[in-house]
Amino acid sequence: MTPRATRLIGFVAFAGFVAFIAVLPSFVSDFKAQQYAYVGIYLIALLGLNILTGYTGQISLGHGAFMAIGGYTSALLIAGNEDFGGSIGGGMKDIWTIPLAGLVAGLAGVAFGIPALRLSGLYLALATFAVAVALPSTVRRFEEFTGGGSGINLFGLPEITGGTTPVEILGRELTYNDWLYYLCWTIALLAFAGAWLILRGRTGRAFRAVRDSETAAVSSGVSLARYKTLAFGISAAYAGVAGGLFAIANTFVNPDAFPVALSIFLLIGIVVGGLGGLSGLVFGAIFVYFIPFWAQGADLGSLLPDRVIEETQKPGGPAIVYGVVLILLMFVIPNGVGGLFRRVGQLLGRRRRSKVQEPL
Amino acid sequence: MVVAAFADFMQQVVSGLAAGAVYALLALALVIIHRSTGVINFAQGEMALLSTYIAWALITHHDFAYWPAFVATLAISFAGGVATHRIVIRPVEGGSVLRIVIVTIGLLIAINGFVLWQWGGEPRALESPFGIDTYDIGGVVVTANDVGTIAVAFGIVLLLWALFQFTKIGLAIRAAAVNPHEARLVGVRVTWMLALGWGLAATLGAVAGMLTAPTVGLDPNMMQAVLIYAFAAAVLGGIDSPVGAVIGGLLLGLLLNMLSYLAQYEAFDWFSEELRLPMALLLILLVLLVKPSGLFGRPEVKRV
Numbered sequence: 031m032t033p034r035a036t037r038l039i040g041f042v043a044f045a046g047f048v049a050f051i052a053v054l055p056s057f058v059s060d061f062k063a064q065q066y067a068y069v070g071i072y073l074i075a076l077l078g079l080n081i082l083t084g085y086t087g088q089i090s091l092g093h094g095a096f097m098a099i100g101g102y103t104s105a106l107l108i109a110g111n112e113d114f115g116g117s118i119g120g121g122m123k124d125i126w127t128i129p130l131a132g133l134v135a136g137l138a139g140v141a142f143g144i145p146a147l148r149l150s151g152l153y154l155a156l157a158t159f160a161v162a163v164a165l166p167s168t169v170r171r172f173e174e175f176t177g178g179g180s181g182i183n184l185f186g187l188p189e190i191t192g193g194t195t196p197v198e199i200l201g202r203e204l205t206y207n208d209w210l211y212y213l214c215w216t217i218a219l220l221a222f223a224g225a226w227l228i229l230r231g232r233t234g235r236a237f238r239a240v241r242d243s244e245t246a247a248v249s250s251g252v253s254l255a256r257y258k259t260l261a262f263g264i265s266a267a268y269a270g271v272a273g274g275l276f277a278i279a280n281t282f283v284n285p286d287a288f289p290v291a292l293s294i295f296l297l298i299g300i301v302v303g304g305l306g307g308l309s310g311l312v313f314g315a316i317f318v319y320f321i322p323f324w325a326q327g328a329d330l331g332s333l334l335p336d337r338v339i340e341e342t343q344k345p346g347g348p349a350i351v352y353g354v355v356l357i358l359l360m361f362v363i364p365n366g367v368g369g370l371f372r373r374v375g376q377l378l379g380r381r382r383r384s385k386v387q388e389p390l
Numbered sequence: 008m009v010v011a012a013f014a015d016f017m018q019q020v021v022s023g024l025a026a027g028a029v030y031a032l033l034a035l036a037l038v039i040i041h042r043s044t045g046v047i048n049f050a051q052g053e054m055a056l057l058s059t060y061i062a063w064a065l066i067t068h069h070d071f072a073y074w075p076a077f078v079a080t081l082a083i084s085f086a087g088g089v090a091t092h093r094i095v096i097r098p099v100e101g102g103s104v105l106r107i108v109i110v111t112i113g114l115l116i117a118i119n120g121f122v123l124w125q126w127g128g129e130p131r132a133l134e135s136p137f138g139i140d141t142y143d144i145g146g147v148v149v150t151a152n153d154v155g156t157i158a159v160a161f162g163i164v165l166l167l168w169a170l171f172q173f174t175k176i177g178l179a180i181r182a183a184a185v186n187p188h189e190a191r192l193v194g195v196r197v198t199w200m201l202a203l204g205w206g207l208a209a210t211l212g213a214v215a216g217m218l219t220a221p222t223v224g225l226d227p228n229m230m231q232a233v234l235i236y237a238f239a240a241a242v243l244g245g246i247d248s249p250v251g252a253v254i255g256g257l258l259l260g261l262l263l264n265m266l267s268y269l270a271q272y273e274a275f276d277w278f279s280e281e282l283r284l285p286m287a288l289l290l291i292l293l294v295l296l297v298k299p300s301g302l303f304g305r306p307e308v309k310r311v
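Sequence lines, in order, name chains R and V. Note that my numbering has the first sequence beginning at 31, numbered continuously upward. Note that my numbering has the second sequence beginning at 8, numbered continuously upward.
Everything labelled a hint here was simulated from the structure, so no lab data went into it. Any given hint could be a false lead.
[Unchecked claim] A few chain R residues facing chain V, derived, Cβ under 10 Å:
hint: 1; residue: L152
hint: 2; residue: L156
hint: 3; residue: V374
Just so you know, even glycine gets a beta-carbon here, dropped at the ideal spot from N, CA and C.
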């Protein structure tokens with residue numbers, strides 16, 4: 031296949047996917063639409079993390095922290111922060127807080143990216159992990175600003191679009207959950223297209239050069255400091271947008287909404303979805319959101335024998351299933367779903383343009 | 008007054024060393040696996056947790072006395088560690104590091120789930136083998152448990168050191184970790200040596216778990232904080248250095264207890280028990296930023 035044909039197939043597939051996303055709510059229940067909205071949110075965070083880890087080679091085990099920064103930014107702006115002694119303002123319409131959530135988290139990403147320049151590989155993973163572990167207690171510590179352990183409740187605020195009434199948009203009435211779904215997925219698809227644009231050009235090439243060999247990248251004139259910090263910033267901004275949407279969809283933030291496990295699940299998501307690829311991340315997001323439910327046998331219902339469902343509903347049962355499924359996936363699809371796509375593409379096409387480099 | 012303050016101080020030193028000895032054991036386990044497999048084993052804490060529950064079950068349900076149960080648990084843990092490497096880690100070795108990391112995270116989740124599923128979430132009591140006696144040494148009161156913990160940890164570390172230093176198998180394990188290709192050429196069975204490394208790490212973890220349970224209480228979340236302290240200890244000492252892990256663990260235990268002790272004075276009154284964990288993380292960040300190779304590690308050398 032020529033590069034042009036590959037790209038054409040990519041565009042057609044993307045258009046098909048957009049159409050699929052657009053009609054999906056008509057075929058599923060209101061509750062399911064809300065669940066799929068969360069899949070969209072995870073997709074945004076995974077796109078961001080993959081830019082940093084999959085494309086630039088910098089492992090982050092702390093991306094939940096950037097989501098938390100975005101989430102708290104949105105929540106504080108929406109709630110107006112009057113209850114907590116501050117005076118940010120009298121509340122802001124929810125959707126306008128999303129770009130600000132991305133901006134604040136992005137700046138935090140740059141700020142963290144600069145000291146992180148000294149670290150690579152495992153050390154960076156541990157440093158980011160330390161941030162993710164420390165975050166909940168830090169949020170609790172600054173109670174007057176963040177609401178401490180009890181968090182910030184946005185439920186029922188007038189700034190939340192469609193909290194109580196249906197949302198009218200483009201002459202159509204949407205239920206609250208459908209509105210959330212379209213909001214999250216519109217941003218997710220824009221984020222997807224944005225990531226594609228960033229990664230296909232000069233910046234993306236520089237990222238990949240840093241990932242594949244820092245020494246070679248430097249000797250070809252790629253500034254490590256600049257591109258690593260940039261990758262951190264973009265990646266954190268994506269996580270911040272996801273966090274802002276999370277706060278809006280959840281109508282509540284507290285430290286427990288962004289636990290260490292979230293950061294770990296995001297990393298799991300990009301590895302399952304496929305490092306250094308974008309389309310597989312949709313499956314990564316589905317995995318991250320739905321496997322905890324499926325592991326209880328709840329969603330799969332009558333597919334499984336009663337005895338199995340009984341055992342997996344005991345405490346600890348779902349975790350066993352989750353862990354084992356995760357390990358098996360790493361055995362079966364070492365390069366994630368994205369890697370599987372590439373393999374199928376390789377088998378279908380005659381020859382690849384260039385050999386796909388295994389990241390990290 | 009001064010004497011009393013000194014005695015109080017010394018008590019904190021001893022209990023700090025006891026806590027640090029546990030961190031040191033688990034940090035040593037992390038270092039052994041990092042040297043051989045090149046990853047941080049996120050499941051190390053949960054493997055230790057499982058071992059501790061096995062010891063508890065042997066004592067409670069199978070009428071073992073403490074020390075026979077202790078030895079049996081070490082044997083089971085060793086076999087479990089070897090099996091973990093052969094079954095779970097080996098298939099993903101040689102690929103991307105992240106894949107191995109995710110597999111160890113999968114193990115973490117699965118083992119924690121298994122413990123909860125098998126034994127339930129309620130706290131269990133694993134009694135200290137050293138009793139609840141206290142000794143008064145020149146005004147300094149130390150508990151038998153602290154002394155016993157330090158003694159057992161040092162004994163295990165010495166045994167391990169002797170194994171690595173004076174036996175052929177120890178030499179082979181080191182060779183396999185340092186240079187697998189050349190080790191294979193001279194007849195070392197590298198994959199088995201790596202598996203033995205995992206077995207030894209699991210055994211160390213088992214000791215750490217069994218020494219932690221009497222003070223902290225045995226429940227499915229017991230090892231999570233300990234694992235993070237062990238991370239901090241390993242980073243402090245240098246993630247590649249066994250000596251560093253031991254000293255890092257002891258220093259960390261001392262440091263945290265010193266802060267608890269100093270919290271009675273005005274200059275340190277900001278310190279409270281819930282800041283223990285963030286302090287350890289702050290230490291990780293500081294060490295990584297100032298001297299990423301740690302106190303005893305060799306700096307990373309990059310080759311083109």
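| said: A closest beta-carbon separation below 10 Å is what the hint needs, so does V374/R meet it against chain V? | reply: 20 Å, violated
| query | Does the interface hint hold: is L152/R within less than 10 Å of chain V, judged Cβ to Cβ? | reply | Interface hint status for L152/R: holds (6 Å vs cutoff 10 Å).
| request: Verify the interface restraint on L156/R: the C-beta must sit less than 10 Å from at least one C-beta of chain V. | output: Holds, about 6 Å.
Against the hints set out earlier in the document, a violation occurs for number 3 only.
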